[in-house]
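J.: Chains Y and G, in that order, give the protein sequences. First residue of the first sequence: 39, per the working numbering; consecutive thereafter. First residue of the second sequence: 42, per the working numbering; consecutive thereafter.
Hint data in this document are derived by calculation from the structure and do not stem from the laboratory. Where a beta carbon is used, it is the ideal one built from N, C-alpha and C, also for glycine. One or more hints might be untrue.
Just the calculated beta-carbon pair ranges, DEER-fashion [said to hold, decoys possible]:
id	chain 1	residue 1	chain 2	residue 2	range
1	Y	L49	G	F87	24 to 34 Å
2	Y	L77	G	F87	17 to 27 Å
3	G	K83	Y	L121	34 to 44 Å
4	G	R98	Y	P100	19 to 29 Å
5	G	D58	Y	S103	46 to 56 Å
6	G	N68	Y	E92	17 to 27 Å
7	G	T110	Y	T137	39 to 49 Å
Below, each chain spelled out in residue letters.
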Amino acid sequence: ETGVTQSPTHLIKTRGQQVTLRCSSQSGHNTVSWYQQALGQGPQFIFQYYREEENGRGNFPPRFSGLQFPNYSSELNVNALELDDSALYLCASSPRGGTLETQYFGPGTRLLVL
Amino acid sequence: GESVGLHLPTLSVQEGDNSIINCAYSNSASDYFIWYKQESGKGPQFIIDIRSNMDKRQGQRVTVLLNKTVKHLSLQIAATQPGDSAVYFCAENNRGGGSQGNLIFGKGTKLSVKP
Numbered sequence: 039e040t041g042v043t044q045s046p047t048h049l050i051k052t053r054g055q056q057v058t059l060r061c062s063s064q065s066g067h068n069t070v071s072w073y074q075q076a077l078g079q080g081p082q083f084i085f086q087y088y089r090e091e092e093n094g095r096g097n098f099p100p101r102f103s104g105l106q107f108p109n110y111s112s113e114l115n116v117n118a119l120e121l122d123d124s125a126l127y128l129c130a131s132s133p134r135g136g137t138l139e140t141q142y143f144g145p146g147t148r149l150l151v152l
Numbered sequence: 042g043e044s045v046g047l048h049l050p051t052l053s054v055q056e057g058d059n060s061i062i063n064c065a066y067s068n069s070a071s072d073y074f075i076w077y078k079q080e081s082g083k084g085p086q087f088i089i090d091i092r093s094n095m096d097k098r099q100g101q102r103v104t105v106l107l108n109k110t111v112k113h114l115s116l117q118i119a120a121t122q123p124g125d126s127a128v129y130f131c132a133e134n135n136r137g138g139g140s141q142g143n144l145i146f147g148k149g150t151k152l153s154v155k156p
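Based on the sequences and whatever the hints tell you, model everything.
T.: So this is what it looks like as structure tokens:
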């Protein structure tokens, strides 16, 4: 069984640029959630995708967008990067997106915005 | 704001001792709770979970206790080892909010194990 994988591991961008982060869900899981974790903080929910549709969104502006593909992998896109977007971006997968399901996390992508 | 918080930001224990990490939650509608362990530079790792119809659940060296009356959650680690050193987060499912399916995390407790 393959766990959640993310790419790239690290990324450096400048303010105003755009970035795409990628995630492959754990085998057998059709739901992917994205979280932002600032240094010294707990993860904050960005949005969730279930069967290629957005299935919930946290308090993040529209410049944070996502996609889920038929193989359940997912992308997180961030436009017009700001310095405060510097964080660890975590992807988590779960079997069916239910509220009583465990979410399993990937290693994250560390984004630095200069 | 966050509805899940932790009582102690840091905890230092001697190797072999038991550790107790506490967590308070504010949403009485939450019915699923998870403890995660996060080592430096890694993603959160699932430790143990509990549903609101239970008061206690045990795993290997870990026990989670849930007190719904005071909305309190704790993680007990028996015979703490150096490999247990990490930041521990409790998380609750978001029930009744506009963003179904997500977890709400607290800030975390850093556990340091002294040899």
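J.: Would you mind marking each hint as holding or not holding in the structure?
T.: Hints versus structure:
Take Y/L49 and G/F87: their Cβ atoms lie about 26 Å apart, and the range 24 to 34 Å holds. Y/L77 and G/F87 have their C-beta atoms about 22 Å apart, which keeps the hinted 17 to 27 Å range intact. Distance hint for G/K83 and Y/L121: a CB-CB separation of about 25 Å, inconsistent with the stated range 34 to 44 Å. Range check, G/R98 to Y/P100: Cβ separation about 40 Å, and the 19 to 29 Å hint is violated.
The given range of 46 to 56 Å is respected by G/D58 and Y/S103, whose C-beta atoms sit roughly 47 Å from each other. For G/N68 paired with Y/E92, a C-beta distance near 23 Å keeps the hint of 17 to 27 Å intact. Distance hint check for G/T110 and Y/T137: the Cβ-Cβ separation is about 22 Å, which falls outside the suggested range of 39 to 49 Å.
Of the numbered hints given earlier, the model fails hints 3, 4 and 7; all others are met.
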